[in-house]
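There are 2 protein chains.
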Amino acid sequence: MLKPEHIDYKSKKDTPEGFLFSTAEAAIKKPGRKDIALIYSRKEAVLVGMFTTNKVKAAPVKLDMKRIISGKGQAIIVNSGNANACTGKKGLDDAKEMTELIARGLNIKSSLVYVASTGVIGVPMPMGRIRQTIPSLIGGIGKASLEDVARAIMTTDTFPKIISKKIKIGKSICTISGICKGAGMICPDMATMLCFILSDISINKIALSKALKESVELSFNRLTIDGDMSTNDTVLAMANGMAKNSQVLYGSNEYARFSKTLIQLTDEMARMIAYDGEGATKFVEVSVREAASVAEAKKAALAIANSNLVKTAIFGNDANWGRIMAALGYSGIKMREDKVDIFFNNVQVVRNGIASGNDKEAGEELRKKEIKITIKLKNGKALANVYTCDLTGDYIKINAEYRT
Amino acid sequence: MLKPEHIDYKSKKDTPEGFLFSTAEAAIKKPGRKDIALIYSRKEAVLVGMFTTNKVKAAPVKLDMKRIISGKGQAIIVNSGNANACTGKKGLDDAKEMTELIARGLNIKSSLVYVASTGVIGVPMPMGRIRQTIPSLIGGIGKASLEDVARAIMTTDTFPKIISKKIKIGKSICTISGICKGAGMICPDMATMLCFILSDISINKIALSKALKESVELSFNRLTIDGDMSTNDTVLAMANGMAKNSQVLYGSNEYARFSKTLIQLTDEMARMIAYDGEGATKFVEVSVREAASVAEAKKAALAIANSNLVKTAIFGNDANWGRIMAALGYSGIKMREDKVDIFFNNVQVVRNGIASGNDKEAGEELRKKEIKITIKLKNGKALANVYTCDLTGDYIKINAEYRT
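Chains A and B are the protein sequences, given in the same order. For the first sequence, numbering that gives the first Met the number 0 begins at 0 and goes up steadily by one. For the second sequence, numbering that gives the first Met the number 0 begins at 0 and goes up steadily by one.
Isolated chain A, as found in the complex:
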């Protein structure tokens, strides 16, 4: 297990005003752990989201995508152990029923309830056990923490992912908290597996939506574990206004500060997911600089971050930069081989496309737990960073045995 030491875990218990949590055991995949959770806001909140761009979408994603048009929400029910994907009409009925049971228990409209699921694809939801568990989930409201929710939604994750930040708007202190789960089937152009961002800030729908989109583009869309895009990726952001600040509008100075904070928050979460990539022994940041455009920099960085050969070399402490050159070459960007510089942390291994003779020192750098690979293309001024991890025998083991 690789855990980011730099994250301030002390702050994680500061959750925003008016949000209550509950977790329970529905033994969805197997018994022995809390695997279902409820997020509830005392007040109806502004709610926006982003979803997987996979054409095969899980039932909860399909349901949420319809409800989110209203821009409003008050509760989210989440489960691990079953993705409720590729489950046909029954899957849609099940997702809907989950929200209706919660709505009835909370005495709110079911259109204000969202659902997210993660786990095995293609297995019907065990609705009998879920129906039995929902009363205790409702009854337990306020007895669990946001960290408990983060724990309940874990699948192959080895630690719960939670982060909080504060921002002062006028005289009000607003809190923004985020939890997420990752580990496998993580690839850009979706969001990430599951992420919930909760805040007591007062902000209108357009501003929250714009800020979320920007922060996801700069974080979860620049993260890859294995290049496999999930059917269930969901990011939901709720803001209930209970911090009583004057409402943040798109384009204002307050918006700019909120957006910056949200970017920091999602960036930290994306890093946590990379740290906890399945089987990872190393956190890897790929930074492509001096590119012709951000799009080209991102494309090149993703090609490197998705290369099995680059990632196994990093696992093996081998500064095999030839594999990075090869990945750059097939990434589809414009490039000149004889201009490329490559660094592992601060050790330069390639100067103008050829070896600079520091492979041994670079190999030593690779023994560290955090690796930054910097590539300078000398084609312009744009840059992009992508987070990933190494590819190890444990990744194979986890994924060969996932359903057993």
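Heads up, some of the hints might be wrong.
Unchecked claim - Calculated lysine to aspartate or glutamate pairs in the EDC-like style (CA-CA distance at most 16 Å, straight line):
no.	chain 1	residue 1	chain 2	residue 2
1	A	Lys-396	B	Asp-317
2	B	Lys-164	B	Glu-16
3	A	Lys-42	A	Glu-24
4	A	Lys-88	B	Glu-336
Unchecked claim - To be clear about the criterion: a stretch of chain B counts as covered by chain A if any three or more of its residues have a C-beta under 8 Å from a C-beta of chain A, and this derived list gives those stretches:
no.	stretch
5	50-64
6	85-94
7	207-221
8	283-289
9	385-396
The hints are simulated quantities; they were obtained by calculation from the structure and are not laboratory data. All residues carry an ideal CB built from backbone N, CA and C; glycine is no exception.
Use these hints to put chain B onto chain A, whose structure you have.
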């Protein structure tokens, strides 16, 4: 080691008229094996080729791409242990010198000599040892077999890849032989790592070029081991006309028969490469059927064949078809989830997008050494097959330790 049992190895010694071979040890990466080889045709031959589409091209690829414009050739020098890629101007000079030394030894023009290299990227060629070895390579002409050449060009391959076929044109029996190497850094839209096709058929340049292009598209371009495209991929086809048939021209009946034979030959070689994928325990064929177009079928099949999650599940004997659905969904093709059928060999696991309840039987199928995954999209009549292998802990081990 997984070796295809169905290939007829008896035929492999029937090499075409007029080709002579030589191998030697230049200790390019380390001593202890033959790592340099020469293919020589007694008569100047028609020579055509295909090369990697990677923007980072190895020096020998750059050299060959210029020389091949002539459509003529008489000798190929090949080495393993060093790719001569990312080696700058010195690399180009070295590649050129290798061909010049051979040309001088054979007393032919250097423009008729081609060079191919495979191995580590970014390390200068050990030209001292290569210069010392070339006289014995020239002196040994005729003393080695084509299989010896196939053996000398192996890197992480576990068995030499060689195949021969015969075709009767008029009263002449023509032989076509192919050797190749694969194992890692194998991904479509290049050719494959290295492949040499030799024939004594009389055929003109256009016909040989068209037939090669078609056969590569249907074989090496439908093969993926790890999704990493190499800097060195080279397919060269030589036809020296020594079978004395009346020359085969593009569009004739003889051309159609030759083209069909060449497709069979390259198909067998592509299969051999998949069988011998790094760390492979299983050969996997992904067949996408009833697609709207061949391009869509190929795109979908490649997305599945490149999915780490699909390939680790196969290694683990787990018929986790949800990962196949997810890969279809992100492949970029048009599809309707509720129309998809999926089979592992003859066991149907998905009917109209949902589980058909045969995961256990399918898991048993996965214990076999040859797996065919069939996907029916019910969107049209086109189909495409792609070859790959499972992803195992040995792949990680091989690639984490490749340079050590």
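A quick look at each hint next to the structure:
1. A/Lys-396 - B/Asp-317: holds (12 Å)
2. B/Lys-164 - B/Glu-16: holds (13 Å)
3. A/Lys-42 - A/Glu-24: violated (26 Å)
4. A/Lys-88 - B/Glu-336: With a Cα-Cα distance of about 12 Å, the restraint between A/Lys-88 and B/Glu-336 holds, given a limit of 16 Å.
5. 50-64: It holds, with 5 qualifying residues against the three required.
6. 85-94: Answer holds; 3 residues pass the 8 Å Cβ test.
7. 207-221: violated (count 0)
8. 283-289: violated (count 0)
9. 385-396: holds (count 6)
Hint violations for this structure: numbers 3, 7, 8, all remaining hints satisfied.
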